[in-house]
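With the hints as extra help, turn the sequences into a complete structure.
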Amino acid sequence: MNDIWAGIAAAIRLILTADADLVEISLRSLQVTLSALAIACLIALPLGTFLAIQRFRFRRGVIAVLNALMGLPPVVVGLVVYILLSRAGPFGVLNLLFTPTAMVIAQVIIITPLIASITHQAMRDLWAEYHDLLISLNTGKLQRVATLIRDGRRSLMTAALAGFGRAIGEVGAIMIVGGNIEHHTRVLTTAIALETGRGDFALALGLGFVLIGLALGVNLLTHWLGRTEVEGRW
Amino acid sequence: MVSLFPLTLTEGLVRRRGQVIMGPVSLTVEGRGLTVLMGPNGAGKSTLLKALHGIERLSAGRLRHGCPSDQSHAAQAFVFQTPVVLRRSVAANLAYPLKLHGVGRAERARLIEDWSARIRLSDRLDQPAARLSGGERQKLATARALIRSPQLLFLDEPTANLDGRSTREIEDLLRAARDGGTRIVMATHDFAQARRLADDAWFMMNGRIVETGPSPQFFDTPARSETRAFLRGDILE
Ligand SMILES: Nc1ncnc2c1ncn2[C@@H]1O[C@H](COP(=O)(O)OP(=O)(O)OP(=O)(O)O)[C@@H](O)[C@H]1O
Ligand SMILES: [Mg+2]
Numbered sequence: 001m002n003d004i005w006a007g008i009a010a011a012i013r014l015i016l017t018a019d020a021d022l023v024e025i026s027l028r029s030l031q032v033t034l035s036a037l038a039i040a041c042l043i044a045l046p047l048g049t050f051l052a053i054q055r056f057r058f059r060r061g062v063i064a065v066l067n068a069l070m071g072l073p074p075v076v077v078g079l080v081v082y083i084l085l086s087r088a089g090p091f092g093v094l095n096l097l098f099t100p101t102a103m104v105i106a107q108v109i110i111i112t113p114l115i116a117s118i119t120h121q122a123m124r125d126l127w128a129e130y131h132d133l134l135i136s137l138n139t140g141k142l143q144r145v146a147t148l149i150r151d152g153r154r155s156l157m158t159a160a161l162a163g164f165g166r167a168i169g170e171v172g173a174i175m176i177v178g179g180n181i182e183h184h185t186r187v188l189t190t191a192i193a194l195e196t197g198r199g200d201f202a203l204a205l206g207l208g209f210v211l212i213g214l215a216l217g218v219n220l221l222t223h224w225l226g227r228t229e230v231e232g233r234w
Numbered sequence: 001m002v003s004l005f006p007l008t009l010t011e012g013l014v015r016r017r018g019q020v021i022m023g024p025v026s027l028t029v030e031g032r033g034l035t036v037l038m039g040p041n042g043a044g045k046s047t048l049l050k051a052l053h054g055i056e057r058l059s060a061g062r063l064r065h066g067c068p069s070d071q072s073h074a075a076q077a078f079v080f081q082t083p084v085v086l087r088r089s090v091a092a093n094l095a096y097p098l099k100l101h102g103v104g105r106a107e108r109a110r111l112i113e114d115w116s117a118r119i120r121l122s123d124r125l126d127q128p129a130a131r132l133s134g135g136e137r138q139k140l141a142t143a144r145a146l147i148r149s150p151q152l153l154f155l156d157e158p159t160a161n162l163d164g165r166s167t168r169e170i171e172d173l174l175r176a177a178r179d180g181g182t183r184i185v186m187a188t189h190d191f192a193q194a195r196r197l198a199d200d201a202w203f204m205m206n207g208r209i210v211e212t213g214p215s216p217q218f219f220d221t222p223a224r225s226e227t228r229a230f231l232r233g234d235i236l237e
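Protein chains in written order, with the UniProt record's numbering: chain A, 1 to 234; chain B, 1 to 237.
Bear in mind the hints are in silico, worked out from the structure with no lab data behind them. Some hints here could point you the wrong way.
Claimed, not checked - Within a straight-line C-alpha distance of at most 20 Å, the following computed DMTMM-like cross-link-like pairs (lysine to aspartate or glutamate) qualify:
1. B/99 - B/113
2. B/99 - A/151
3. B/99 - B/126
4. A/141 - A/151
5. B/99 - B/114
6. A/141 - B/70
7. B/99 - A/182
8. A/141 - A/129
9. A/141 - B/56
The structure is reproduced here in structure tokens:
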């Protein structure tokens, strides 16, 4: 028991003194995840909205594929990205394996289906609600999309937050493609795994607290977004 | 602005999943008055209103306006059976059709003030419309439809589920609009309301118009036995 309390105390000290390693790792985590999130949103938000309001031939198929991709085990994504980026793979010449970019790629693949799927559901419901009125007012396609995005902005934010939450806590894929290299590709989750294995509970716990803080923050933000919907703020 | 009348539906027919749910119906709507559309549930009233509004795809037949079709939309409005309320403030709901048509800020403010007062929601303009009661939503949707003074307004059971007072308020709005020159076609199940408002009435059954006539003759001495039975409250098969 004493070891654990000592570990927690040391972890809190690391956080309060803004330990250099801890800060560096946390910032890298944020950088990788936010980059992945930005790219994933650029793909997923328009894709989800498009799937919600546009009828086309393979729409159901695309939605089914999207939902299936959502269930992909991250470790398998890591494996596939590893093979693609490895020296012998088709993108080997880019020398991306074991770089933050490789981690971003893996995370984009993991969270894009999730964000697109949540966006699709939310936009589909909103479109069902608005459909008659927007048709009756003879709105053009762009006006419709603009209206849906404006009035569905909380759902879109919620989708993005879900993507962030999934990406920041992901360990399997980025361990494989990033390699957990110190000062280069080490992020919160991979560092925790490593330090735990090495028995350095102080650093592991400190990093764990940061991760929990981020996850909690995202949850609070999601909850708050839901509330502003009812209360009608922004 | 050009007149969209006469509006004519010729042999209009709507088929869904192989079933004819409306038609064939031929009708002409001229520029004045208030028409009440009656008929049992599932008769095709909503479908006919949407067809006349031009938002129901016709499987056969034609819809024509007195003006080019691309200009006809701007002069019409529709209040749906379940009113659509945008997830915005009451004021933003009223502003929405105005913005779409490029009405300037000052004019928008004036119209919003005017119409919110008429539906007695002036003090709730900044509240989210989602928080309104069913009756208040219905009034908001009606005001939003009337705010651009359409030449032609369709309403699909605009006072279903409303209490006496809200019903009277909406009826007052509709009378004022009609007297101001808006042509109104509305579906209703409320016989008393139909008598109060109608200049003429259409009776619909099984997707077809069975009888039309001016009020009050339509209600007092209907020509067809089905209409008589319906107005008496008999169950129609
Ligand atoms: N998309 C659709 N596919 C199949 N059938 C439909 C569709 N839309 C409507 N119908 C059918 O068409 C018929 C007419 O529907 P409509 O909504 O026009 O009736 P209504 O007279 O407005 O009835 P109510 O008084 O209940 O509002 C109904 O039997 C309905 O089930
Ligand atoms: Mg109906």
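Each hint, compared with the structure:
About 15 Å separates the Cα atoms of residue 99 of chain B and residue 113 of chain B, which keeps this hinted pair within 20 Å; it holds. Taken as a hint, the residue 99 of chain B and residue 151 of chain A pair is honoured in the structure, with Cα atoms around 15 Å apart against an allowance of 20 Å. Distance check on the hinted pair: residue 99 of chain B and residue 126 of chain B sit about 17 Å apart at the alpha-carbon level, within 20 Å; holds. Under the criterion of a C-alpha separation no larger than 20 Å, the hint pairing residue 141 of chain A with residue 151 of chain A is consistent with the structure, at around 16 Å.
In summary, the hint linking residue 99 of chain B to residue 114 of chain B is supported, as the alpha carbons are separated by about 16 Å, within the 20 Å threshold. Taken as a hint, the residue 141 of chain A and residue 70 of chain B pair is honoured in the structure, with Cα atoms around 16 Å apart against an allowance of 20 Å. The straight-line distance between the Cα atoms of residue 99 of chain B and residue 182 of chain A is roughly 56 Å, outside the 20 Å bound, and the hint therefore fails. With a C-alpha separation of about 16 Å, the suggested pairing of residue 141 of chain A with residue 129 of chain A holds against the 20 Å cut-off.
Under the criterion of a C-alpha separation no larger than 20 Å, the hint pairing residue 141 of chain A with residue 56 of chain B is consistent with the structure, at around 18 Å.
The structure fails hint 7 only (numbered hints given earlier).
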